[in-house]
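Q: Sequence:
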Amino acid sequence: MRCRRIGRMLSAYVDNELGEDKIAFVNNHLSCCPECRQALSDFKKEQELFSRKDSQTGGPLFWEELTSRLREKREELITFIWVRRLVFVTSALVLTVGVFLIKSFIEEPQPVTVGSVIAENGVSMEERIVNSGEKITDDTVLRLVAYHPSDW
Numbered sequence: 006m007r008c009r010r011i012g013r014m015l016s017a018y019v020d021n022e023l024g025e026d027k028i029a030f031v032n033n034h035l036s037c038c039p040e041c042r043q044a045l046s047d048f049k050k051e052q053e054l055f056s057r058k059d060s061q062t063g064g065p066l067f068w069e070e071l072t073s074r075l076r077e078k079r080e081e082l083i084t085f086i087w088v089r090r091l092v093f094v095t096s097a098l099v100l101t102v103g104v105f106l107i108k109s110f111i112e113e114p115q116p117v118t119v120g121s122v123i124a125e126n127g128v129s130m131e132e133r134i135v136n137s138g139e140k141i142t143d144d145t146v147l148r149l150v151a152y153h154p155s156d157w
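The sequence shown lines up with residues 6 to 157 when you count with this note's numbering.
In case anyone wonders, no lab produced these hints; they're calculated from the structure.
We treat Cβ as the ideally placed atom computed from N, Cα and C, and that holds for glycine.
Some clues are possibly wrong.
[Said to hold, decoys possible] Derived lysine to aspartate or glutamate pairs resembling EDC-like cross-links, with alpha carbons at most 20 Å apart:
no. : residue 1 : residue 2
1   : LYS50     : GLU40
2   : LYS50     : ASP20
3   : LYS49     : GLU69
4   : LYS50     : GLU22
[Stated by the list, open to error] Taking CB as the label site, the calculated pair distances span:
no. : residue 1 : residue 2 : range
5   : PHE105    : GLU70     : 47 to 57 Å
6   : GLU81     : THR101    : 38 to 48 Å
7   : GLU69     : GLU40     : 40 to 50 Å
8   : GLU69     : PHE105    : 46 to 56 Å
9   : ILE28     : GLU51     : 39 to 49 Å
10  : VAL19     : PRO39     : 16 to 26 Å
11  : SER73     : PHE110    : 50 to 60 Å
12  : ILE107    : GLU69     : 50 to 60 Å
13  : ILE111    : VAL88     : 26 to 36 Å
14  : ILE86     : ILE111    : 33 to 43 Å
15  : SER73     : LYS108    : 47 to 57 Å
16  : GLU53     : TRP87     : 37 to 47 Å
Please model the complete structure; the sequences and the hints are all you need to start from.
A: Spelled out as structure tokens, the structure:
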């Protein structure tokens, strides 16, 4: 908990923006905490690198070249994005057409009526008995619904 608090205060500590009591608090902690001392050392190195970078600004040619490179990268990125979109749309279109072609070759069963089945296959003796309205016995019912080897 204490190290986290010190970590938040390091920037102000390096820039001498802390009051005397907080500076004493940070110094006391740094004297007994090697991790926070290392964090302070790393922080100071980063600040030094950034301060050197700020003092070494490029001339006009540097900025022109940088701008030109950024434009090239941007154009490459835009082209890449459009190519990706085109590939995606083309793939989706090919997949959709493929699904419809496959579906058109697969025969779907058509609904049939009882009359059309009877007209095509004729009516068996059992069906005639049932359709005629005659009373039938239990044995006849068993024969009508029982296993027929011809069903296989």
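Q: Checked against the structure, which of the hints given earlier come out wrong?
A: The structure breaks hints 3, 6, 9; every other hint is satisfied.
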